[in-house]
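Q: Residue strings, one per chain:
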Amino acid sequence: MEEGTFQEWLKADGERVEAGDMLFVLEGDKASQEVESFDAGYLRLPPDVPQPGDAVVVGQRLAFLADEDDLEPWKDSPQPGAVPDRKTPLGQAPGPVTAQTKPVRSGKSISPRALRLATELDVDWDNIEGTGRGGRIREQDIRAAAALGQAEAPGTSLTGKTEPLSATRKAIARQMVIGTNLTAPVTLHREVDATALVALRRQFKQACDDKKTVPTYNDILIRLVAEALKSHPRLNSQWREEGIFVPEQIHIAFAVDTPTGLLAPVVSDADRLSIDQLADQTKALAQQARAGQLEAGQMRDGTFTVSNLGGLGVDSFTPVINPPQCAVLGVGRIRKKVVWHGEQAVGRDRLNLSLTFDHRIVDGAPAARFLDDLAGQIEQPPEWLTH
Amino acid sequence: MPDPPEPGDRETTFVGATLEALAFEMKRNPAIFVMGEGIGQRGGNFGTTLGLYEEHGATRLCDTPICERGFVGLGCGAAMTGSRPVIDFMFIDFINDAFGEIVNQVAKMQYMSSGRLKMPILLRGCIGVGHSAATHHSGNYASIYSHIPGIRVVLPSTPYDAKGLFHHALRCDDPVLFLEHRELMATRSCVPETDYEIPFGQARVAREGTDATVVALSLMVHHTLAAAEKLAGEGQSIEVIDPRTVSPLDFDTILGSVAKTGRLLVVDEAFGPCGFASEIAARVADEGFDELDAPVRRLNGAHAPVPYSPTLEQAVVPGADTIEAAIRALLEE
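Chains as they are written, first to last, in our numbering: chain A, 386 to 772; chain B, 8 to 340.
The following block holds chain B by itself, in its conformation from the complex (with noise of 0.2 Å):
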C-alpha cells in the first residue's frame, strides 16, 4: 500500500471526503451497494450518498425500510456471497437492533468458515453528542464494537483521515464499523482530489510533546488539541494522539509516547466503565509500568442517558475545559 499523499490545499468536508471516496469505489467496484434509510434520492440524511443515486439507480442505493436486523442480515448474506454491502445506519444508535447479526454472524463468518468465506460489509453511521439530539440519537459504540473479535472498528477525526480510512475500508475483506462523529460532519481540512488508502491500526500524532500524553478519539481529538494549545502558552508540551482505529488498535505508539512523556489521559466521551480509556489504561500500567511517572487518567462520558437540554447535554461529555483540567491535575500528579 503506498503511502497516504500531502493533503494538499483543497478543503473539504467530512462528510464530502467519505463521499468522495465512496462514489470512487463504487464506480471502480460493482459489487458495492448502499443500504440505510433515506440514503437513495434523498442522499442521505447528513449526506452521505449525495449524487449517487442519480448515478447509480436504486439498484446500488436501496432504501430500506425501518428494520436494522433485517437489512443486516441482509447484507451479511451478500457479503458472504460475493457482494460488497456499505449499510448507512444514518445514527449508529440503531446498529444495536441488529447486534446479534452482527456478533454472531457478520463477526464470525471468516472464522467459521475457515477463511473460505470473506464479510466484506461497511456499517457506517454517526457516533457522538452534540445538537440536542438525546439519548437515542448520541450514542458511542466504539467500546462495545471492538470487544468483538473479527470487527475493525475506525473512528476518523479529520476528513483527510475520513478518506483514506473509508478508501480502506472498501478495499479490505472485513466488517468494518466506521463511526463518524455528528459534530465533524461539517468540519473542512484539506484533502487530496486522488484516491488514497489509510492502513488500521496506525495512530497519528496530531501533536508532539514532551510533559504527557493524550489519547483521544474522533472529536475529542479537536477539544484536546484546543486545549494543549492553551497550554503550550504556559510551556506544557502535551502530546496529543488520535488512534484513528480502536480495532485494531496502534498500541506501539501510545506506549512509545508514554515512554517519552511518563504521563497519559485517555479522553473519550463514550461511556467510563469497561471502555477503551480503561482498556488503555490497564495495557499502559501492564506493558509500560515502569515508563510511568504518575496515575493513567480517563476521562469519559457521564455514565448516564444523554439529556435533551442543551445544558446538560454540554455538562455530560468532556470538553475542552475539562480535558485542560484534567491534563492540569495530571502534570500535577
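Just chain A, same shape as in the assembly (with noise of 0.2 Å):
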C-alpha cells in the first residue's frame, strides 16, 4: 500500500486519545481500515487536515497528538518544522496494510527528480526500465513512459468525463499491470469432461437441507485445486529475488465480480476444509466483497487464484496472475457437446479450464501435469469430497 483515501476521524479535534483508541478510517488498496493510535495524547487537526475522499499517502503527517497544555487555537499555516517537538505526528498506517500488498520494486532505483515527475505526470514507475546507470529510472524516462501513454491524447475529438480513480480501481490496476508484464505468463487450455462433476453437484444439492449451503461448482473446484497443488508445490509458489519461496499453506483466493470493481477474498488452508466447511466460507466472503466489507486481512497471502466467468458465459479465457502468486486458473462454462465415445457419438458436459502460470517459477510441462492431474480429478472426484 502507498495511498489510501481518507474517510473521516473517530476522535474530535481535542478529544483525549489513549494508545490503542482507533483514530481515523482509512480506505486502502480494496478495504477500508480503522487506524489506531500507538500513543496517548490530545488529536489535534491542523488547518490542512485531510478532508473524507483525500487521497493520503503512506508516511504522511495527518494531525498531531499533543500535550494538554498544547490546545491552543492553530495559527494562520503552520510552518513545517515548526511545530514543537513533543506533538506527535500522526498518520503512518500500521505495519499489517503496508505490507499487504506492496508491489514488487525490489532493487528498483529512481532520481529524486524522476520520482516527482511520476507522480506529477501519474506515472506507474514499476514497469519502467531505467536508462540510467545500473538501470536508475531518471527523468528521461518518465517523460517517454508519459508520452507513450498519452500517444493517442494530442488532438483528441472525444468528449465525456473522467472518473477518478478509486483505490481499489488502482489497485487492481497495480496488480494487473504487475502480474502481466513483470511475471513470465503463459496460458494453458484443457477441455474436461465435467459430466461427473455435475452429477456430484446434483447430489449435494438432493443431500441438502434449507439449513446448509449447497457447494457451488466453483466451491468443488477450489477445493480439487488445492488438494491437486499438494502435489505440485510450485504452482503455489512465488517468485522473490533472493529464490523460489514454497509456501507450507494453500490458500486459494477466488475472483468475486463487486460494485467497486473486482475483489478476490481468501480461502485459507483450502486443502484441510471439507467441502461443506469451505462452502460455507466462500458463501460468507462473497456477500461481504459485495458488501464492501471484506477486511484487508481476508485478502491476504493468497497462494493460488482461481477465476470464474462460467456464471456469465464465457467459454474460456486467459486470466491474469495475481502477484506474487505463481498462477490462476480461470474457469469457463460448463456446455453439453457431442463427443466422440470409441465409435459412439455421446452427449457430455464438457468444461474449459485455463491456466495461466508464471514461466520463471515453472515450466510448461509440469504445470500441464499439475492441469492433468486437476482434469482427472473432475472427471472422477474422489470419494473423500462427499464424506
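Hints in this document: simulated from the structure, not taken from any laboratory. Treat the numbers as computed from the prediction; the structure is a model and nothing was measured. Fair warning: there could be bad hints in the mix.
[What the hints assert, rightly or not] Here are the simulated DSBU-like pairs of lysine-lysine, each with C-alpha atoms no more than 35 Å apart in a straight line:
1) A:668 to A:615
2) A:596 to A:615
3) A:596 to A:493
4) A:555 to B:237
5) A:546 to A:596
6) A:546 to B:267
7) B:267 to A:493
8) A:590 to A:615
9) B:237 to A:493
Join these two chains into a complex; the hints should help.
A: Rendered as C-alpha cells:
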C-alpha cells in the first residue's frame, strides 16, 4: 500500500486519545480500515487536515497528538518544522496494511526528480526499465513513458468525463499491470469432461436441507485445486529475488465481481477444509466482498487464484496472474457437447480450464501435469469429497 | 548601483582591466594605498600596479619587506582608522602567513565594534596551478577563506568581470579577498573604458543549456566552456555557471539551473575535501533534492601538493578533457 483515501476521524479535534484507541478510517487498497493510535495525547487537527475523500500517502502527517498544555488554537498556517517536538505526527498506517500489497519493487532505483515527475504525470514506474547507471530510472524515462501513455491523447475529438480513480481501481490496475508485465505469463487451455462434476453437484443439491449451504461448482473446483496443489507445490509458489518461496499453506483466492470492482477474498488452508466448510466460507466472503465489508486481512496471502466466468456465459479466457502468486485458474462455463466415445457420439458435459502460470517459476510440462491431475479429479471426483 | 554596461569592442587583458579600475579609484579616492612586495617602482610582479608609482609616489605605493603578517596587521589598523589599503600578495599562497590577522582581526572587527569600525581592505593575489610555479606558488584558497564569516571572496574569470568586481571591492566597506588566476592574467576580452561595478553575490550564466549544469570557478570556467562547446556538437546542452564570488554565493542561480537540468557538476581546481564543491553539493542535496535526476558530482584538483614537473602539474588539475569526461559520466547517470 502506498496511498489510501482518507474517510473520517473517529476522534474530535482536542479529544483525549489513549494508545490503542481507533483514530481514523482509511480506505486502503480494496479495504477500509480503522487505524489505531500508538501513543496517547490530545488529537489536534491542523488547518491542512485531510478531508473525507482526500488521497493520503503512507508516511504523510495527517494530524498531531499534543500535550494538554498545547491546545491553543492553530495559527494561520503552521510552518513545516515549526511544530513543537512533543507533538507526535500521526498518520503512518500500521504495519500489516503497508505490507499487504506492497508492489514488487525490490532493487529498483529512481532519481528524486524522476519520482516527483512520475507523481505529477501519474506514471506508474514499477514497469519502467531505467536508462540511468545501474538501471536507475531518470527523468527522460518517465517522460518517455508518459508520452507513450498519452500517444493518442493530443488532438482527440472525443468528449466525455473522467471518472476519478478509486483506491480499489488503482490497486487492481497495479496488480494487473505487474501480473502481466513483470511475470512471464503462459496460459494452457484444456477441455475436461464435467459430466461427473455435474452429477456430483446434483447430488449435493439433493442431499442438502435448507440450513446447509449447497457447494457451488466453484467450491468443488477450489477444493480440487487445493488438493492438486499438494502434489504440485511449484504452482503454489512465489517468485522472490532471493529465490522461489514455497509456502507451507495453501490459501486459495477467488475472484468476486463487486460494485466497486474485482475483489479476491482468500480461503485459508483450503486443502484442509471439508467441502461444506469451504462452501460456508466462500459464501460468507463473497457476501462481505459485495457489501464492501472485507478487511485487508481477508484478501491477504492467497497462494493461488481461481477465477470463474462460467456463470456469465464465457467459454474460456486468459486470466491474469495475481502477483506474487505463481498461477491462476480460469474456469469457463459447462456446456453439453457431442463427443466421440470410441465409435459412438455421445452427449457429455464439457468444461474449459485455462491455467495461466509464471514461467519464471514453473515450466510448461509440470504446469500441464498439474492441469492433467486436476482434470482427472474433475472427471472422476474422489470419494473423500462427499464424506 | 547602475547595471554594468555592455562590454563594447575594446579589448584588454585581465591584469589591464584591474589596473584600470585601481588607477581610477586611486585618483578618485585619496584614502586608497597599495602595499606589497615589488608593487612600487617595479609595478608589481604581474603588472598589477604598473605606472601608478609614477603618478602617486612611494606613500601610496608602499613596497614592503617579506613580512606578510606585519603588513596585513598594518593594513588592518589602517582600514579601521579610515584608510583603504590594497594589499598585493603577488602569489596568494603567502596570505597564509597572515592567517591569524585576517581571521581574528580583519574579519571580526566590524562585528566586534558593533559596526562602528569599517574594514575596507582589499587583499589580492594570484591563485592557481600553471607555469610550473610549483607547490608554494600554485595554491587555491577560496574555500578556506569563504569558510570564515566577515570576508568577501571574489574569483573573476574574465577581464570584464574583473574590472567591475574590482571597482565594487574598492567601494565596499568589507574586507575583500580578490583572487586572480595565474593563467588568466594575460587573457583578453572586451572591457568598457568607463568605470562600472559588478555587485558581489551575482553569478553569471556563462552558457545556457538544458541537459546538465556545471558550476565552475575562475580558470575552470574557460575549460568548462571548451568542454561544453565540444559536447554541443553531439547535441548535449550544457549550462555553465560562474559564481564570480563564492562569499557571498549566488546559490539561487545554481538552484534555478539545477531545477532546469536536474544534473550538477561542480568544477574547482582546489582540493576537494571540505571545499567549495562539497558545499554546493551539500546545499543542492538539501534544498534541491527533488530536482536531482542524478547524483551531484564534484571535480577537483588532486588532494596533493602541486608538483613542479609540467607533465605532473597538468595531471593534478582538471582540464577541458577531464571536465568533458566528467560531464559525460554525469549525463550517463
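Q: Please go over all the hints and tell whether each is borne out by the structure.
A: To see whether the hints hold, each was checked on the structure:
no. : hint           : verdict
1   : A:668 to A:615 : holds (24 Å)
2   : A:596 to A:615 : holds (31 Å)
3   : A:596 to A:493 : violated (53 Å)
4   : A:555 to B:237 : violated (47 Å)
5   : A:546 to A:596 : violated (47 Å)
6   : A:546 to B:267 : holds (34 Å)
7   : B:267 to A:493 : holds (25 Å)
8   : A:590 to A:615 : holds (28 Å)
9   : B:237 to A:493 : holds (34 Å)
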